[in-house]
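One line per chain: the protein sequences are A and B, in this order.
Position 103 of the first sequence, counted from 1, bears residue number 103 in full-length UniProt numbering, the numbering being contiguous throughout.
Position 21 of the second sequence, counted from 1, bears residue number 21 in full-length UniProt numbering, the numbering being contiguous throughout.
Think of the hints as simulated: they come from the structure by calculation, not from any bench.
Honestly, I wouldn't trust all of these hints.
Claimed, not checked - Here are some of the chain B residues that sit facing chain A, going by a computed Cβ distance under 8 Å:
1. Pro13
2. Leu19
3. Ile22
4. Leu30
5. Arg34
6. Thr41
7. Leu45
8. Ala49
9. His51
10. Leu78
11. Gly110
12. Gly140
13. Pro182
14. Gly183
15. Leu244
16. Arg245
Stated by the list, open to error - Partner residues are not named here, just some residues of chain A that face chain B (Cβ under 8 Å, in silico):
17. Ser173
18. Gly208
19. Glu212
20. Pro216
21. Asp258
22. Ser260
23. Thr363
24. Val448
Unchecked claim - If you want the ones that stay clear, here's a sample from chain A, every Cβ over 10 Å from chain B, calculated:
25. Leu30
26. Phe96
27. Gly113
28. Thr147
29. Thr227
30. Pro329
31. Asp369
32. Val397
33. Gln402
34. Arg442
Please read these numbers as outputs of a predicted model, since none were measured by experiment.
For each residue, glycine too, the CB sits at the ideal point set by N, CA and C.
Here are the chains, one letter per residue:
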Amino acid sequence: MATISRREGEFDSLRALLAKANERKTGDELAGIAADSDAERVAAKKALSRVTLRELRENPVVPYQEDEVTRVIQDAVREPIYERIKEWSVAELREFLVDSSTTDREIRAIREGLTSEMIAAVAKLMSNMDLALVSSRMTITARCNTTIGEPGTLSFRLQPNDPADDVENVLDSTREGLSYGTGDAVIGINPVVDSAENTAAILEATHGFIEEWAVPTQNCCLSHVTTQMEAIREGAPADMVFQSLAGTEAGNEEFGIDVSLLDEADELARRRCSSSGPNVWYFETGQGAELSGDAHEGVDQLTLESRCYGLAKRYDPFLLNTVVGFIGPEYLYDGRQVIRAGLEDVFMGKLHGIPMGIDACYTNHMEADQNDIETLAITLAAAGSNYFITVPMGDDVMLNYQSNSYHDAATLRELFGREPIEPFGEWLREMGITENGRLTERAGDPTVFA
Amino acid sequence: MSDKRAKDRLDGPRDPDLLERITDRNPSRLGVGRAGSRPRTDTLLEFRADHGIARDAVLTNVDEGFIEETGLVKIGTLIEDTEEYLARPDRGREISAETAEYLREHCEEGPEVQLVVADGLSSSAVEANVPDLLPILLDGLADRDLRVGTPVFVEYGRVDVMDAIGEELDADCCVILIGERPGLASAESLSAYLVYGPERGGPTAKKSVISNIHQGGLPPVEAGAQLVDLIAEMCERERSGIDLREDDREFVTD
Ligand code: B12
């Protein structure tokens, strides 16, 4: 599109304007596309606020012919809905979303007319509280063995990783986590060794445990999707399949995937996953992943993140979480940038209709600490994130980063008066782990499952 | 990291012996107990102390004496200091023209296997594991009759610097032993990334990785043996990464 010329300044293209309108992120600076000053940043936001949804639709950040993620997003737009809203400016979209009289149902009514670029654009105009307000208004549920995202619930992934994939250690960590009431979203393990054999061993062990103790939840082993497909074809019990996503075709190529592979995995999962479904996918994303593989195509990391959700939507996932401080300071410098990105991601995911969760996390080479991600977790529990990641004492000894703890799961439920998914909550009560929504004397003890 | 984890902080476990067994073998922070829904005070403070130690590990360099003793040819990337290293991964993946020249002067060209060691995000990972791992790797590869080039140490390296080095030296296969980001439990975790036909800008999916090499994960001696097998397979099948697997997929019938 021609130069976007507004009173506030000039920007070469919509792609450049979107980048400059971002809150400050080291990743956009590394890519050389960030605003040079706060003044330029705000000028960009002003110019963006006047852009129409039609302009955003007609100018995807990566051309339709060149990128299959763009094609997935554009082809999914429901035209009559788009026709109805296409002349809205981004500012109008923001005001529609934050309006106290706008209901979840009214948001659903425009959802299918939005593209990922429109959703990214509006996120750039929103303050942290705007993002939290609108996120909390959207209820997005999905069903695997159990149903996630019902109002009044708050769920957690139990992540019992081990640096040697020792299955006994994985199960002991699972026992500890369950004894704090975490694990209703999924018991999900990142394996060190990416082989079908190892994936199958982990799936069988967790599936066996779930059966033995009749835990109403689902399992997942987060190896590469092709590895899981091989394991599933050989009969391994996977309730879901997992894959990391990028927001460009080139980024996905870095990850060793494309749409046709995901379609094939989807078809396999629907026929062969051990869960009742219908939602059988787990995705992870995170700002900065594309640039880390030099596959960002000159696009800012927030817009790329939004496009991940546009791609994910094709597969109706049960879980999708941003892993928000996972990579390092070159993309999100400190606690402040991580908190902002976490709020943006959950908002954008939910506006896409994705049952969003978040891994509120940080690495040891970032300027952040546990307080920052506790703050983020409190904020996002208020903002209606469906679930969080939990690891023993917040310390993942295999991925080498920190996230929320098993303890945090119980605390967040206590703080917000939220319940686990039913029937998982019922199971916790039967096991004597919770009573009246609080941990009992028996809780926090892995040996109750001996 | 503190030697003794806060494992006896859980009051009155249902099965104390079992709890002991669990916490003895498990590297995660299990059996820590709680105060209400929060951690015990000692557990919390221990966690914060470990965070401090892990942060310090990012900012150290590999000892010069170590590099000499190990007989590695030392080069650098485009990075000048730690701060730039953290901010500019792109410059940690590239070497200068002079460095490329230096490499060709001091290293064998056209090897079947080029070994590279890099500090990455943890120098202690290199110092803790490379002395055990490298000899096994060199012996094992010699046993398989693979022609190994002159091992190189690269300061301030990112994983993809292996592509630049491998390309400049025209290696068939390149392996980089690199410090992972330090965790709380261990700052000594090393990874080996491998690629067949290294070339700048090649997709990550074409690489393979063996991670979590340290005493508490995959011990360096075992890692050495696994790496020899993997490198031999890569050289024989002339591929790496996802392509190693893709081959199998064709034979799987549903
Ligand atoms: C950070 C990280 C990532 C980041 C990488 C970005 C970045 N700049 O580092 C992101 C989130 C993008 C990522 C993605 C994936 N990762 Co990863 N990652 C890690 C982690 C936690 C730390 C890596 C590290 O310290 N690097 C050191 C620094 C110095 O490297 P760097 O040059 O800055 O960054 C490069 C490496 O991190 C590398 N890398 C990161 N992950 C992977 C995975 C594979 C298969 C390869 C070849 C390279 C690679 O890519 C970066 C850019 O060049 C490790 C766990 C660990 N303990 O090491 C897992 C780990 C390496 N990843 C793993 C996996 C499975 C993946 C995915 C394939 C997941 C998926 N199903 O899609 C994807 C795709 C990777 C790809 N092909 O591009 C596995 C590998 C298992 C195996 N033996 O094959 C590990 C061991 C974690 C695990 N156990 O699950 N990862």
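Evaluated hints:
For B/Pro13, the interface hint holds, since its Cβ comes within 8 Å of a Cβ in chain A; the closest pair sits about 5 Å apart. About 5 Å separates the beta-carbon of B/Leu19 from the nearest beta-carbon of chain A, less than 8 Å, and the hint is met. The restraint placing B/Ile22 at the interface with chain A holds, with a minimum CB-CB distance near 5 Å, inside the 8 Å limit. Evaluation of the B/Leu30 hint against chain A yields a held restraint, the C-beta minimum of about 5 Å falling below 8 Å.
A least Cβ separation of about 5 Å between B/Arg34 and chain A falls short of the 8 Å threshold, and the interface hint therefore holds. Annotation: interface hint on B/Thr41 violated; nearest CB of chain A at approximately 13 Å, more than 8 Å. The beta carbon of B/Leu45 comes no nearer than 12 Å to any beta carbon in chain A, farther than 8 Å, and the hint placing it at the interface is violated. Here the hint on B/Ala49 is broken, as its CB sits about 12 Å from the closest CB of chain A, past 8 Å.
Interface restraint check: B/His51 against chain A, minimum CB-CB distance 6 Å, threshold 8 Å, status holds. Interface restraint check: B/Leu78 against chain A, minimum CB-CB distance 14 Å, threshold 8 Å, status violated. Restraint check, B/Gly110 versus chain A: the minimum CB separation of about 27 Å is more than 8 Å; hint violated. Interface hint status for B/Gly140: violated, as the beta-carbon distance to the closest one in chain A is roughly 19 Å, over 8 Å.
Taking 8 Å as the C-beta cut-off, the interface hint given for B/Pro182 holds, the closest approach to chain A being about 5 Å. Because the beta carbon of B/Gly183 sits about 3 Å from the nearest beta carbon in chain A, less than 8 Å, this interface hint is met. Restraint check, B/Leu244 versus chain A: the minimum CB separation of about 10 Å is more than 8 Å; hint violated. For B/Arg245, the suggested interface contact is upheld, since its CB lies about 6 Å from the closest CB of chain A, less than 8 Å.
With a cut of 8 Å, the hint placing A/Ser173 at the interface with chain B holds, because the nearest CB-to-CB distance is about 5 Å. For A/Gly208, the shortest C-beta to C-beta distance to chain B is roughly 18 Å, which exceeds 8 Å, and the interface hint is violated. At its closest, the beta carbon of A/Glu212 sits 16 Å from a beta carbon of chain B; the interface hint therefore is violated under the 8 Å criterion. For the restraint placing A/Pro216 at the interface with chain B, the shortest Cβ-Cβ distance is roughly 22 Å, beyond the 8 Å limit, so the hint is violated.
Given hint, A/Asp258 at the interface with chain B, is violated; its Cβ is 10 Å from that chain's nearest Cβ, farther than 8 Å. Given the 8 Å rule on beta carbons, the hint for A/Ser260 is violated: about 13 Å separates it from the nearest Cβ of chain B. A distance limit of 8 Å between C-beta atoms decides the matter here; for A/Thr363 the minimum to chain B is near 5 Å, and the interface restraint holds. A distance limit of 8 Å between C-beta atoms decides the matter here; for A/Val448 the minimum to chain B is near 5 Å, and the interface restraint holds.
Not every Cβ of chain B is farther than 10 Å from the Cβ of A/Leu30; the closest lies at roughly 7 Å, contradicting the non-interface assignment. No beta-carbon of chain B comes within 10 Å of the beta-carbon of A/Phe96; the shortest separation is about 39 Å. The Cβ of A/Gly113 sits about 35 Å from the closest Cβ of chain B, beyond the 10 Å cut-off, so the non-interface label holds. In this structure A/Thr147 is separated from chain B by more than 10 Å, as the shortest Cβ-Cβ distance comes to about 25 Å.
Listed as a non-interface residue, A/Thr227 fails to keep its Cβ farther than 10 Å from every Cβ of chain B; the least gap is roughly 7 Å. Not every Cβ of chain B is farther than 10 Å from the Cβ of A/Pro329; the closest lies at roughly 5 Å, contradicting the non-interface assignment. Look at A/Asp369: its CB is around 6 Å from the nearest CB on chain B, not clear of 10 Å, so calling it non-interface is violated. A/Val397, annotated as away from the interface, has a beta carbon of chain B within 10 Å; the closest lies near 4 Å.
The claim that A/Gln402 lies off the interface is violated: its Cβ sits roughly 7 Å from the closest Cβ of chain B, which falls inside the 10 Å cut-off. Distance to chain B contradicts A/Arg442 as a non-interface residue, since its nearest Cβ pair spans about 7 Å, not more than 10 Å.
This entry does not satisfy hints 6, 7, 8, 10, 11, 12, 15, 18, 19, 20, 21, 22, 25, 29, 30, 31, 32, 33 and 34, going by the numbered hints stated previously.
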